[in-house]
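Asks: Sequence:
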Amino acid sequence: MNKRFPVDRNVIVWGDTPEARRATQELETLGYDVERISPTLESIKGDMEASLEGHVGGFTLSLQENGSAHSHEASALMVATGNERLFPTKRYGLPLSSQVLNTAQIEQRLDATEPASAAHRDQRILLMLDLESETSREMTAEVFRLGIRLRQEWHAEVCLFYRDLKVDAPGLERLTRAMRQRGIVFCRYGEADIATGEDGIAVDYEEGEIAGDMLVLPEAVGPRPDTGALAALLDVRLGEDGYFQTLNVQGYRRGLSNRRGIFFAGRCHMDCDMTEAQEDAIQVAASVDALLGAGFLEPDPVIAEVEASQCVRCLTCIRTCPHGAIELAAYEETVAARVIEVACQGCGACVAGCPAQAISMVGQALPAWMVAPQEG
14 MNKRFPVDRN VIVWGDTPEA RRATQELETL GYDVERISPT LESIKGDMEA
64 SLEGHVGGFT LSLQENGSAH SHEASALMVA TGNERLFPTK RYGLPLSSQV
114 LNTAQIEQRL DATEPASAAH RDQRILLMLD LESETSREMT AEVFRLGIRL
164 RQEWHAEVCL FYRDLKVDAP GLERLTRAMR QRGIVFCRYG EADIATGEDG
214 IAVDYEEGEI AGDMLVLPEA VGPRPDTGAL AALLDVRLGE DGYFQTLNVQ
264 GYRRGLSNRR GIFFAGRCHM DCDMTEAQED AIQVAASVDA LLGAGFLEPD
314 PVIAEVEASQ CVRCLTCIRT CPHGAIELAA YEETVAARVI EVACQGCGAC
364 VAGCPAQAIS MVGQALPAWM VAPQEG
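In this note's numbering, each residue carries its 1-based index in the sequence shown increased by 13.
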(Lines of atoms letter the chains of each structure in order from A and count residues from 1; the text may use other names and numbers.)
(Lines give C-alpha, C1' and ligand atoms only; values in the text may rest on other atoms or scores of the structure.)
Protein backbone atom coordinates (compact mmCIF):
# COMPACT_ATOMS: atom_id res chain seq x y z
CA MET A 1 0.00 0.00 0.00
CA ASN A 2 2.88 2.33 0.81
CA LYS A 3 0.55 4.80 2.52
CA ARG A 4 1.96 6.97 5.28
CA PHE A 5 -0.05 8.96 7.80
CA PRO A 6 1.91 11.69 9.66
CA VAL A 7 1.52 11.64 13.47
CA ASP A 8 2.55 13.98 16.24
CA ARG A 9 4.85 12.79 19.02
CA ASN A 10 2.39 13.37 21.84
CA VAL A 11 1.17 10.83 24.40
CA ILE A 12 -1.36 10.79 27.24
CA VAL A 13 -0.26 8.85 30.34
CA TRP A 14 -3.25 8.03 32.54
CA GLY A 15 -2.32 7.48 36.18
CA ASP A 16 -0.61 8.90 39.25
CA THR A 17 1.59 5.93 40.14
CA PRO A 18 5.37 5.35 40.24
CA GLU A 19 5.15 3.52 36.92
CA ALA A 20 3.16 6.37 35.36
CA ARG A 21 5.79 8.87 36.46
CA ARG A 22 8.58 6.59 35.21
CA ALA A 23 6.89 6.16 31.83
CA THR A 24 6.43 9.92 31.56
CA GLN A 25 10.09 10.50 32.31
CA GLU A 26 11.19 7.90 29.76
CA LEU A 27 8.93 9.26 27.01
CA GLU A 28 10.06 12.82 27.64
CA THR A 29 13.67 11.64 27.40
CA LEU A 30 12.78 10.15 24.01
CA GLY A 31 11.47 13.54 22.91
CA TYR A 32 7.72 13.08 23.34
CA ASP A 33 5.26 15.69 24.51
CA VAL A 34 3.59 13.90 27.44
CA GLU A 35 0.43 14.90 29.28
CA ARG A 36 -0.05 12.92 32.47
CA ILE A 37 -3.59 12.89 33.80
CA SER A 38 -5.27 11.23 36.78
CA PRO A 39 -9.01 11.86 36.63
CA THR A 40 -11.17 11.05 39.64
CA LEU A 41 -13.27 7.92 39.73
CA GLU A 42 -16.43 9.97 39.21
CA SER A 43 -15.11 11.07 35.81
CA ILE A 44 -15.76 7.68 34.27
CA LYS A 45 -18.71 6.47 36.31
CA GLY A 46 -22.25 7.65 36.87
CA ASP A 47 -23.38 9.55 33.80
CA MET A 48 -20.17 8.61 31.96
CA GLU A 49 -19.11 12.21 31.44
CA ALA A 50 -16.11 11.05 29.46
CA SER A 51 -15.47 9.94 25.90
CA LEU A 52 -12.64 8.79 23.70
CA GLU A 53 -12.91 9.58 20.01
CA GLY A 54 -10.62 8.86 17.11
CA HIS A 55 -7.96 6.22 16.70
CA VAL A 56 -4.20 5.71 16.82
CA GLY A 57 -2.46 8.85 15.68
CA GLY A 58 -5.49 11.00 16.50
CA PHE A 59 -7.17 10.25 19.83
CA THR A 60 -9.31 12.89 21.54
CA LEU A 61 -10.10 12.26 25.19
CA SER A 62 -12.86 14.43 26.66
CA LEU A 63 -13.45 14.52 30.43
CA GLN A 64 -15.94 16.33 32.62
CA GLU A 65 -14.46 17.09 36.05
CA ASN A 66 -16.00 19.27 38.74
CA GLY A 67 -18.26 20.94 36.19
CA SER A 68 -15.40 21.79 33.85
CA ALA A 69 -14.81 20.12 30.49
CA HIS A 70 -11.29 19.16 29.47
CA SER A 71 -10.14 17.87 26.09
CA HIS A 72 -6.86 16.04 25.56
CA GLU A 73 -5.43 15.10 22.17
CA ALA A 74 -2.67 12.56 21.57
CA SER A 75 -1.36 10.03 19.09
CA ALA A 76 -1.24 7.29 21.76
CA LEU A 77 -2.50 6.69 25.28
CA MET A 78 -0.83 4.71 28.07
CA VAL A 79 -2.77 3.43 31.09
CA ALA A 80 -0.69 3.13 34.26
CA THR A 81 -3.32 3.38 36.99
CA GLY A 82 -1.87 0.70 39.28
CA ASN A 83 -4.03 -1.53 41.46
CA GLU A 84 -5.97 -1.42 44.71
CA ARG A 85 -4.90 -2.67 48.13
CA LEU A 86 -7.13 -3.80 50.94
CA PHE A 87 -6.84 -5.85 54.10
CA PRO A 88 -8.99 -9.00 53.68
CA THR A 89 -10.24 -9.33 57.26
CA LYS A 90 -12.91 -11.87 56.34
CA ARG A 91 -10.52 -14.06 54.39
CA TYR A 92 -7.83 -13.97 57.07
CA GLY A 93 -10.30 -14.35 59.91
CA LEU A 94 -8.22 -11.89 61.93
CA PRO A 95 -8.99 -8.20 62.49
CA LEU A 96 -6.19 -5.67 62.72
CA SER A 97 -5.07 -4.91 66.28
CA SER A 98 -2.01 -3.95 68.30
CA GLN A 99 -0.73 -7.49 67.71
CA VAL A 100 -1.94 -8.05 64.13
CA LEU A 101 -0.70 -5.45 61.67
CA ASN A 102 -0.60 -5.10 57.92
CA THR A 103 2.56 -4.23 56.02
CA ALA A 104 1.73 -0.52 55.77
CA GLN A 105 1.24 -0.23 59.53
CA ILE A 106 4.51 -1.90 60.44
CA GLU A 107 6.37 0.26 57.89
CA GLN A 108 4.86 3.35 59.53
CA ARG A 109 6.19 2.16 62.90
CA LEU A 110 9.60 1.56 61.38
CA ASP A 111 9.65 5.06 59.91
CA ALA A 112 8.58 6.59 63.23
CA THR A 113 11.21 4.92 65.44
CA GLU A 114 14.95 5.34 65.68
CA PRO A 115 17.10 2.59 64.18
CA ALA A 116 18.09 -0.08 66.70
CA SER A 117 15.29 1.08 68.99
CA ALA A 118 15.62 -0.56 72.41
CA ALA A 119 11.83 -0.87 72.62
CA HIS A 120 11.84 -3.51 69.88
CA ARG A 121 15.17 -5.23 70.51
CA ASP A 122 14.74 -8.98 71.09
CA GLN A 123 11.12 -8.90 69.97
CA ARG A 124 9.99 -11.73 67.73
CA ILE A 125 7.94 -10.65 64.71
CA LEU A 126 6.06 -13.19 62.63
CA LEU A 127 5.55 -12.49 58.92
CA MET A 128 2.96 -14.69 57.24
CA LEU A 129 2.48 -15.26 53.51
CA ASP A 130 -0.13 -17.34 51.66
CA LEU A 131 -2.73 -17.32 54.43
CA GLU A 132 -5.90 -18.78 52.83
CA SER A 133 -4.61 -17.92 49.34
CA GLU A 134 -1.36 -17.24 47.52
CA THR A 135 0.24 -13.87 48.24
CA SER A 136 0.86 -11.68 45.20
CA ARG A 137 4.35 -11.01 43.87
CA GLU A 138 4.04 -7.36 44.78
CA MET A 139 3.27 -8.06 48.43
CA THR A 140 5.76 -10.94 48.66
CA ALA A 141 8.57 -8.60 47.63
CA GLU A 142 7.39 -5.97 50.12
CA VAL A 143 7.29 -8.52 52.95
CA PHE A 144 10.82 -9.65 52.07
CA ARG A 145 12.13 -6.09 52.21
CA LEU A 146 10.18 -5.50 55.40
CA GLY A 147 11.82 -8.51 57.05
CA ILE A 148 15.27 -7.17 56.20
CA ARG A 149 14.38 -3.74 57.63
CA LEU A 150 13.11 -5.30 60.86
CA ARG A 151 16.40 -7.14 61.30
CA GLN A 152 18.56 -4.14 60.41
CA GLU A 153 16.69 -1.36 62.21
CA TRP A 154 15.02 -3.06 65.17
CA HIS A 155 17.33 -6.06 65.54
CA ALA A 156 14.16 -8.08 65.93
CA GLU A 157 13.96 -11.82 65.55
CA VAL A 158 11.98 -12.46 62.36
CA CYS A 159 10.17 -15.64 61.28
CA LEU A 160 8.65 -15.88 57.81
CA PHE A 161 5.81 -18.37 57.33
CA TYR A 162 5.00 -19.52 53.80
CA ARG A 163 3.23 -22.31 51.91
CA ASP A 164 4.67 -22.39 48.38
CA LEU A 165 7.29 -19.70 48.07
CA LYS A 166 7.79 -18.63 44.46
CA VAL A 167 10.83 -16.53 43.63
CA ASP A 168 10.18 -16.20 39.89
CA ALA A 169 9.94 -12.41 39.93
CA PRO A 170 13.09 -10.33 39.30
CA GLY A 171 15.09 -9.82 42.50
CA LEU A 172 13.12 -12.18 44.73
CA GLU A 173 15.79 -14.88 44.82
CA ARG A 174 18.40 -12.26 45.74
CA LEU A 175 16.15 -10.97 48.52
CA THR A 176 15.63 -14.53 49.79
CA ARG A 177 19.38 -15.04 50.10
CA ALA A 178 19.78 -11.69 51.83
CA MET A 179 17.11 -12.64 54.37
CA ARG A 180 18.74 -15.96 55.18
CA GLN A 181 22.14 -14.29 55.56
CA ARG A 182 20.61 -11.92 58.13
CA GLY A 183 19.23 -14.77 60.19
CA ILE A 184 15.57 -14.62 59.20
CA VAL A 185 13.97 -18.01 59.85
CA PHE A 186 11.82 -19.53 57.08
CA CYS A 187 8.93 -21.73 58.27
CA ARG A 188 6.96 -23.70 55.73
CA TYR A 189 3.43 -24.65 56.72
CA GLY A 190 0.44 -26.48 55.30
CA GLU A 191 -2.14 -25.55 57.90
CA ALA A 192 -1.67 -23.01 60.68
CA ASP A 193 -3.65 -22.17 63.78
CA ILE A 194 -3.19 -18.57 64.91
CA ALA A 195 -4.01 -17.59 68.48
CA THR A 196 -3.85 -14.14 70.05
CA GLY A 197 -3.65 -13.36 73.74
CA GLU A 198 -2.38 -10.87 76.29
CA ASP A 199 1.12 -12.34 76.10
CA GLY A 200 1.38 -12.05 72.33
CA ILE A 201 0.52 -14.15 69.34
CA ALA A 202 1.29 -17.76 68.50
CA VAL A 203 1.28 -19.80 65.28
CA ASP A 204 0.76 -23.54 65.68
CA TYR A 205 1.80 -25.49 62.57
CA GLU A 206 3.25 -28.87 61.54
CA GLU A 207 6.61 -28.40 63.22
CA GLY A 208 5.24 -27.02 66.47
CA GLU A 209 4.28 -23.67 67.93
CA ILE A 210 6.12 -20.38 67.54
CA ALA A 211 5.15 -17.43 69.72
CA GLY A 212 5.79 -13.82 68.82
CA ASP A 213 5.08 -10.25 69.80
CA MET A 214 3.49 -9.19 66.52
CA LEU A 215 2.03 -10.86 63.44
CA VAL A 216 2.32 -9.04 60.11
CA LEU A 217 -0.07 -9.97 57.32
CA PRO A 218 0.24 -8.62 53.76
CA GLU A 219 -2.58 -6.72 52.16
CA ALA A 220 -4.41 -8.20 49.20
CA VAL A 221 -4.10 -6.53 45.81
CA GLY A 222 -6.74 -6.41 43.09
CA PRO A 223 -7.99 -4.34 40.17
CA ARG A 224 -8.98 -0.77 40.95
CA PRO A 225 -12.74 -0.31 41.23
CA ASP A 226 -12.76 2.00 38.20
CA THR A 227 -10.98 -0.51 35.93
CA GLY A 228 -14.17 -1.78 34.29
CA ALA A 229 -15.46 1.72 33.58
CA LEU A 230 -12.11 2.79 32.17
CA ALA A 231 -11.96 -0.30 29.95
CA ALA A 232 -15.44 0.52 28.60
CA LEU A 233 -14.40 4.11 27.93
CA LEU A 234 -11.26 3.07 26.03
CA ASP A 235 -12.93 0.03 24.38
CA VAL A 236 -10.21 -2.32 25.63
CA ARG A 237 -10.45 -5.75 27.18
CA LEU A 238 -10.28 -7.06 30.72
CA GLY A 239 -9.04 -10.51 31.68
CA GLU A 240 -10.97 -12.96 33.81
CA ASP A 241 -9.08 -11.61 36.85
CA GLY A 242 -10.48 -8.11 36.25
CA TYR A 243 -7.16 -6.53 35.22
CA PHE A 244 -6.51 -4.95 31.85
CA GLN A 245 -5.69 -7.69 29.39
CA THR A 246 -2.59 -7.37 27.29
CA LEU A 247 -3.63 -8.94 24.02
CA ASN A 248 -1.71 -8.80 20.79
CA VAL A 249 -0.43 -12.04 19.32
CA GLN A 250 1.20 -10.26 16.37
CA GLY A 251 3.19 -7.48 17.98
CA TYR A 252 5.50 -9.23 20.45
CA ARG A 253 5.93 -6.00 22.37
CA ARG A 254 5.19 -5.08 25.96
CA GLY A 255 1.95 -3.40 26.98
CA LEU A 256 -0.02 -3.69 23.76
CA SER A 257 -3.81 -3.73 24.09
CA ASN A 258 -6.36 -4.96 21.58
CA ARG A 259 -6.49 -1.39 20.21
CA ARG A 260 -3.48 -0.03 18.40
CA GLY A 261 -2.19 3.07 20.16
CA ILE A 262 -3.49 2.16 23.63
CA PHE A 263 -0.96 0.64 26.01
CA PHE A 264 -0.90 -0.78 29.55
CA ALA A 265 2.03 -0.38 31.94
CA GLY A 266 2.77 -1.76 35.39
CA ARG A 267 0.38 -3.09 37.99
CA CYS A 268 -2.85 -2.32 36.11
CA HIS A 269 -2.21 -5.35 33.89
CA MET A 270 0.26 -7.59 35.72
CA ASP A 271 1.22 -8.90 39.16
CA CYS A 272 4.58 -7.34 39.93
CA ASP A 273 6.42 -5.40 42.59
CA MET A 274 7.19 -1.71 42.35
CA THR A 275 10.62 -2.19 40.78
CA GLU A 276 9.29 -4.51 38.10
CA ALA A 277 6.38 -2.14 37.45
CA GLN A 278 8.75 0.70 36.66
CA GLU A 279 10.89 -1.54 34.46
CA ASP A 280 7.71 -2.53 32.61
CA ALA A 281 6.89 1.16 32.16
CA ILE A 282 10.26 1.71 30.48
CA GLN A 283 9.66 -1.18 28.08
CA VAL A 284 6.14 0.00 27.29
CA ALA A 285 7.55 3.45 26.55
CA ALA A 286 9.82 1.70 24.04
CA SER A 287 6.70 0.11 22.49
CA VAL A 288 5.17 3.57 22.13
CA ASP A 289 8.34 4.79 20.47
CA ALA A 290 8.34 1.82 18.10
CA LEU A 291 4.85 2.86 16.99
CA LEU A 292 5.27 6.64 16.75
CA GLY A 293 9.02 7.20 16.56
CA ALA A 294 9.21 7.45 12.78
CA GLY A 295 6.72 10.33 12.78
CA PHE A 296 4.23 8.45 10.61
CA LEU A 297 2.02 5.36 10.66
CA GLU A 298 1.67 2.77 7.94
CA PRO A 299 -1.21 0.28 7.56
CA ASP A 300 -0.47 -3.40 8.02
CA PRO A 301 0.28 -5.28 4.77
CA VAL A 302 -3.05 -7.08 5.01
CA ILE A 303 -6.13 -5.13 6.12
CA ALA A 304 -9.88 -5.22 5.63
CA GLU A 305 -11.76 -3.03 3.16
CA VAL A 306 -15.49 -2.33 2.85
CA GLU A 307 -17.34 -2.19 -0.47
CA ALA A 308 -19.64 0.69 0.46
CA SER A 309 -22.27 -0.07 -2.20
CA GLN A 310 -22.81 -3.55 -0.71
CA CYS A 311 -22.90 -2.48 2.96
CA VAL A 312 -26.35 -2.77 4.55
CA ARG A 313 -25.32 -0.79 7.68
CA CYS A 314 -26.17 -3.62 10.08
CA LEU A 315 -23.18 -2.54 12.24
CA THR A 316 -22.14 -6.17 12.80
CA CYS A 317 -18.54 -5.36 11.84
CA ILE A 318 -18.40 -2.38 14.19
CA ARG A 319 -19.71 -4.45 17.11
CA THR A 320 -17.44 -7.42 16.48
CA CYS A 321 -14.14 -5.79 15.47
CA PRO A 322 -11.75 -6.64 18.32
CA HIS A 323 -9.51 -3.68 17.51
CA GLY A 324 -12.02 -0.81 17.33
CA ALA A 325 -10.96 -0.27 13.73
CA ILE A 326 -14.32 0.19 11.98
CA GLU A 327 -16.69 3.15 12.01
CA LEU A 328 -19.77 4.37 10.17
CA ALA A 329 -18.78 7.01 7.62
CA ALA A 330 -20.23 9.11 4.81
CA TYR A 331 -19.10 8.17 1.32
CA GLU A 332 -19.88 10.19 -1.82
CA GLU A 333 -23.21 8.48 -2.46
CA THR A 334 -24.03 6.59 0.72
CA VAL A 335 -23.33 6.00 4.39
CA ALA A 336 -21.57 2.73 5.16
CA ALA A 337 -18.99 1.05 7.35
CA ARG A 338 -15.39 2.15 6.86
CA VAL A 339 -12.18 0.47 8.00
CA ILE A 340 -9.65 2.76 9.67
CA GLU A 341 -6.54 1.58 7.88
CA VAL A 342 -3.93 2.34 10.53
CA ALA A 343 -6.06 0.78 13.27
CA CYS A 344 -6.88 -2.45 11.42
CA GLN A 345 -4.73 -5.45 12.36
CA GLY A 346 -5.89 -7.77 9.60
CA CYS A 347 -7.57 -10.40 11.76
CA GLY A 348 -10.46 -10.92 9.32
CA ALA A 349 -13.18 -11.11 11.99
CA CYS A 350 -15.26 -8.53 10.13
CA VAL A 351 -15.01 -10.51 6.89
CA ALA A 352 -16.28 -13.65 8.58
CA GLY A 353 -19.16 -11.83 10.27
CA CYS A 354 -20.45 -9.63 7.45
CA PRO A 355 -23.89 -10.96 6.34
CA ALA A 356 -23.72 -8.97 3.09
CA GLN A 357 -20.20 -10.13 2.19
CA ALA A 358 -19.29 -6.48 1.73
CA ILE A 359 -15.82 -6.76 3.34
CA SER A 360 -12.68 -8.31 1.88
CA MET A 361 -9.02 -8.52 2.82
CA VAL A 362 -6.69 -6.27 0.83
CA GLY A 363 -3.08 -7.26 0.36
CA GLN A 364 -3.78 -10.97 0.68
CA ALA A 365 -3.09 -12.78 -2.56
CA LEU A 366 -5.36 -15.72 -1.66
CA PRO A 367 -8.07 -16.23 0.95
CA ALA A 368 -6.65 -17.47 4.24
CA TRP A 369 -8.32 -20.87 3.87
CA MET A 370 -6.48 -21.42 0.56
CA VAL A 371 -3.00 -20.58 1.87
CA ALA A 372 -0.96 -23.73 2.50
CA PRO A 373 0.61 -23.96 5.98
CA GLN A 374 4.35 -23.36 6.12
CA GLU A 375 6.48 -26.37 7.02
CA GLY A 376 9.13 -26.28 9.71
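Check before you lean on any hint, since a few could be wrong.
[Claimed, not checked] FRET-style restraints, in silico, Cβ to Cβ:
1. Thr102 <-> Asp181: 23 to 31 Å
2. Ser75 <-> Ile161: 24 to 32 Å
3. Asp248 <-> Gln118: 13 to 21 Å
4. Ser322 <-> Gly366: 16 to 24 Å
5. Val325 <-> Val375: 42 to 50 Å
6. Ala303 <-> Gly210: 53 to 61 Å
7. Asp177 <-> Thr102: 22 to 30 Å
8. Ala82 <-> Glu346: 33 to 41 Å
9. Glu320 <-> Ser146: 22 to 30 Å
10. Ala125 <-> Leu328: 57 to 65 Å
11. Gln370 <-> Asp29: 43 to 51 Å
12. Arg34 <-> Val325: 44 to 52 Å
13. Tyr218 <-> Ala82: 57 to 65 Å
[Said to hold, decoys possible] Once the Cα atoms are required to be at most 20 Å apart in a straight line, the calculated DMTMM-like pairs of lysine to aspartate or glutamate come out as:
14. Lys103 <-> Asp143
15. Lys103 <-> Glu147
16. Lys16 <-> Glu311
17. Lys179 <-> Glu145
18. Lys103 <-> Asp206
19. Lys16 <-> Glu232
20. Lys179 <-> Asp212
Everything labelled a hint here was simulated from the structure, so no lab data went into it. Note that the Cβ used here is the ideal one computed from N, Cα and C, for glycine as well.
Asks: Run the structure past the numbered hints and jot down the numbers of the failing ones, going up.
Replies: Numbers 2, 3, 5, 9, 19, 20 - these are the hints that the structure violates, sorted from lowest upward.
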